[in-house]
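Chains as they are written, first to last, in our numbering: chain A, 1 to 274; chain B, 1 to 274.
The set of hints was computed from the structure by calculation and includes no laboratory data. Given the structure is predicted, the values throughout are model-derived calculations rather than measurements. Check each hint, because a few of them may be wrong.
Copies of one chain are not kept apart here, so a pair can be met inside one copy or by any two copies together.
Unchecked claim - Derived DSS-like pairs (lysine-lysine); straight-line CA-CA distance at most 27 angstroms:
hint : residue 1 : residue 2
1    : Lys100    : Lys35
2    : Lys100    : Lys242
3    : Lys73     : Lys35
4    : Lys242    : Lys73
Protein chains: 2
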Amino acid sequence: MSQRTVFFVSDHSGVTAETLGHSLMTQFDSLDFRKVTVPFVSDLDKARQTVRMINLTEDADGVRPIVFSTLVKQEIRDIVRESSGFFLDFFDSFLAPLEKELDMTSALATGRAHGITDAQLYDLRIEATNFALTHDDGTNLGGYDQADVILVGVSRSGKTPTCLYLALQYGVYAANFPLTEDEFESRGHISTLPKHRARLFGLTIEPMRLEEIRGERRPGSQYASSQQVGFEVRQAEALFRKLGIPHLDTTRMSIEEIASRILDETGLERRTSQ
Amino acid sequence: MSQRTVFFVSDHSGVTAETLGHSLMTQFDSLDFRKVTVPFVSDLDKARQTVRMINLTEDADGVRPIVFSTLVKQEIRDIVRESSGFFLDFFDSFLAPLEKELDMTSALATGRAHGITDAQLYDLRIEATNFALTHDDGTNLGGYDQADVILVGVSRSGKTPTCLYLALQYGVYAANFPLTEDEFESRGHISTLPKHRARLFGLTIEPMRLEEIRGERRPGSQYASSQQVGFEVRQAEALFRKLGIPHLDTTRMSIEEIASRILDETGLERRTSQ
């Protein structure tokens, strides 16, 4: 069977077209797709270039490509629609019913979804990202009062990427505190955690998966040993229970899922500028 | 005029529903919406709870809410559709035409879009994020050979958030190198840049905007002064020209836009696991 090409065509960054297109294509997982993002199709020339690319791809593949589009401007959309690809446009499908429901016409302006439409919210995302970087891995404990949430967990349980994602995507101020063997034994900084209890959120992970992850990083190390991993995870979970910290098993979860669960369980606002 | 509530209802993380809904609602920017994400609506009970929440919101708002849904399972979608909200479902609109085009039925499986469907690609995003963190701000120059792209620019031109976004969203290995006054004068590490030329990408920014950004961070400082900012930006742009480094003015661009431009201009693959 010939490989299908899937185009994500956008007059802007392409993030919306990619996200929506991926969501749909993952429902057809037995097929092998080649994915091509075509961003910044913002004038008639670029629209015509895109059509040529789609048509040439059909010739090469022997099957017509699928084209997901988030083209806002009617005249650009109309050109790309004329390609030989199977054309699905997100605005086409949803704007008309929304205009009717809201009883107003839409702006039909490009670059709204992932541009800087709300500068204040956008700056918040950047500041939150800086906060995550300067409050990563137990640094700057003095700044915890500014945090919306403080993730607590053993090394490689997902704290750092989740904090960065919460910041970049949702403008949430997230710090993280690592539970290490030294900490469990000295009770140094751990003893300061209770005063931040309302903001703590625990991440845990199945020991077997953690062994695997740590083993890829430092093969054969004490750090990746079953004994060490088992000890740390037991201690971490005991701490969560003792302090009544809500927690989540991240073993089979993506960053997006972990972040969404945390926001859902803490009730933190999603400050999206997008 | 009464405020409308917009619900993003998902059986999973809610990222797709939020992306779709935000993209559409930004086209109606004269209206003030209250946005509520309802993730993990994965069983009939949660579907009924969601319906009650939507109906109560209509009573409170005095106008029916708009409901963007990415509910994959038919039986859950059918319940939420019965709320009093104005219901738009993403899969409803696109799956049927896609099934016909591909001549196959879709998996109708939840958690595909932002779960861990491709573990290898997912791990790549995490590893790329670690790479961005350990190669941020001119650290670990020895690791530049592993980088897909090395962003070069003055302080606060957008390098760090862009590197993190490229990693988290696209699994791209991105390092960044800061152009500081010290560097311009000593030509220390700058002199090592030419050997990485094929991977360099410059970020620049209008001096007035940079003054503003730096001024918010360190008001009245030399660092934020018009003289200092002007000097650094001129030097940076001269370096880009001298070494023939492709570059971008980030003044009016969001992280998503900067990242997408870089990928587009370098031809780097977007390694999305989503």
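### Query
Looking back at the hints listed earlier, which ones does the structure fail to meet?
Hints 2 and 4 not satisfied by this model.
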